[in-house]
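> So the chains spell out like this:
2 protein chains.
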Amino acid sequence: MSELRWDPLKTSWAIITTERGRRPRDFFLERETVTMVACPFCYGREEKTTGEIFAIRPPGSLANTPGWKVRVIPNKYPALRIEGDLEKRGVGLYDVMNGIGAHEIVIETPDHERTLTDLSPAEIVDVFRAWRARLLDLRRDARFRYIFVFKNYGLEAGAGISHAHSQLIALPVTPPTAVSELNACRQHFLQKERCLICDLLQQECEDGRRIVRDAGDFVVYTPYAARFPFELRLLPRRHSHDFALLDDRELAALAETVKDTLLRLRTVLREPPYNFVLHSAPPMQLRLGKPGYWNSLPYDYHWHIELIPRLTKVAGFEWGTGFYMNPTAPEEAALFLREADLSEIS
Amino acid sequence: MSELRWDPLKTSWAIITTERGRRPRDFFLERETVTMVACPFCYGREEKTTGEIFAIRPPGSLANTPGWKVRVIPNKYPALRIEGDLEKRGVGLYDVMNGIGAHEIVIETPDHERTLTDLSPAEIVDVFRAWRARLLDLRRDARFRYIFVFKNYGLEAGAGISHAHSQLIALPVTPPTAVSELNACRQHFLQKERCLICDLLQQECEDGRRIVRDAGDFVVYTPYAARFPFELRLLPRRHSHDFALLDDRELAALAETVKDTLLRLRTVLREPPYNFVLHSAPPMQLRLGKPGYWNSLPYDYHWHIELIPRLTKVAGFEWGTGFYMNPTAPEEAALFLREADLSEIS
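First to last, the protein sequences are chains G and E.
The numbering used here applies: residue 939 is where the first sequence begins, and numbers increase by one.
The numbering used here applies: residue 939 is where the second sequence begins, and numbers increase by one.
Keep in mind that the hints were calculated from the coordinates and are not lab data.
Just so you know, not all the hints are guaranteed correct.
Note that the list lumps identical chains together, so a pair holds whenever it fits in one copy or between two copies.
[Stated by the list, open to error] Each computed DSSO-like pair below joins lysine-lysine, with the alpha-carbon atoms no more than 27 Å apart:
#1 1130 - 1026
#2 1007 - 1130
#3 1014 - 1130
#4 1197 - 1130
#5 1014 - 986
#6 948 - 1130
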């Protein structure tokens, strides 16, 4: 019998359709690949990109020259532009605002052939340090309500360039998924004076069936109402609302966890395409001195990472209803990932 | 400059990214196809499917034998099952209910080679008559809060079987997209005593830039805050909350409009994969004698069809934010479709 399961963080239902349960081998698909003649993200082609905003490179080395380990550049075709004032107006029943924002690319390694999964934990820390630096810088701009870090890996997950990279987007409005999660956490806190995500994490750790990895400061589990096969949630055990406040020691522990998780996905699902999304509290200054919801600090939020392997197609049912049908029970997905033999590949 | 545009029906923002504006030829992709050895939906293979629930067939012809024009069968691998009582319970912080519902397949033609676009308007009317009959039957079941009709065309749009078919799903909860649209219409009606969708339609007709077809009883346009390139909204000019109350004359006019629209998509985008979603008011008996929101009849809703060509990949940005980035301005999409020369193909 299928089940409809409610996620109190996402405030939505997922349908777990065990009748046509799908196991890892059902997802071993031929992956599409992108071939590029001259990749602009490669080492030695620094002059082909827009000028770098941030880089991790040896002291004394010049911007936009080789030597870097991680490099942040503006997106050449930005969805949103940094210049100008935010203008909002009505158009009859509609509203419109100009596309003010920021859209940056984090090139995760100089080496075209290596993916995030291939990087060492120390190299992954450098990627996180670039995210942190850009988050802290962009949030000083009062026009931005939310800054959003994500990564598309593989063509099926939307990565048009195969060279390992992630993206930052600063938005002039708080996006609906963030509003919805922030509200769910706020309501829970107002009722119980506890963090919703801490409570969910405690319940998951006690239950254990959906835990993929519970080691050190971070926990990885498949959500009870997972919308997608092998969907994962990765989060700090200790309450923490803001990724950008992590210190280098915490980033190192997170890098170990991310590397381990990506290796498990590689082992079980053969290098699946995936989307990686950081959910962190919005910048604080927006809530100071403004009326309404945003007036208090979002300490009741708990940052986390969503990792969604792109194994199934989203179709008319999902678009039309906002419900998701997931053909792999999260308990089964967690079991496969938990028991993966990482010695085979590392 | 990109624009963020607000849709008062969807209550969400879309980012129209004209910087990397994409025109129809940018979407001419190699389409994946499904090859089937023995299609169970084909004429003469009626015994291969689960027993038919409804069919349009000559008087006197037997169920599950040839002779039919349109045929409705239960999905062999249903996401939801019709048997049993609805049981709801809590699991710690989560909620779960068993997968009660209905999941039916409408086989639109006996001919494996013909798509909905190829059918004559009279044949399309038969498909709509099947939808109407099943909607009217399923809504008598008080366990179902919402009945949902959709169609996936093409492998990229999620159609695992290429033989032309659509699907009905009856759900034990009202899905979030429906709740959101019903609420938006209700709020507008309470403030203005007018239908939101009638008001949007009037504004679109006066503006004209996003109109694809305005002929007879139905209008087709690209939404101002279109989330996807060439996204379309198709709706009755005269206020009407419930698709299932259409008479045969109205179904004939709708079939003409749908056929014309699909031909335009074929001409401009070369047979794109698409999702087709019917948005109609929920069954009425649910709102009788119950307290709260659902107590009054949803006459303030206005049924419509969403037609989404699947031309771009939804990636981390969309999953993470709930915002959509659309690289084709809806005004440009409407122009291409409006000026399509249908004589080339008909």
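> State for each hint whether it applies.
Results of checking the hints against the structure:
1. 1130 - 1026: Between copies, since 24 Å is at most 27 Å while 38 Å is not.
2. 1007 - 1130: neither (45 Å within a copy, 59 Å between copies)
3. 1014 - 1130: Neither. Shortest intra-copy (46 Å) and inter-copy (45 Å) distances fail the 27 Å Cα cut-off.
4. 1197 - 1130: neither (35 Å within a copy, 55 Å between copies)
5. 1014 - 986: Intra 10 Å, inter 54 Å, cutoff 27 Å: intra-copy only.
6. 948 - 1130: within (18 Å within a copy, 32 Å between copies)
In this structure, the earlier hints numbered 2, 3, 4 are contradicted, and the remaining ones agree with it.
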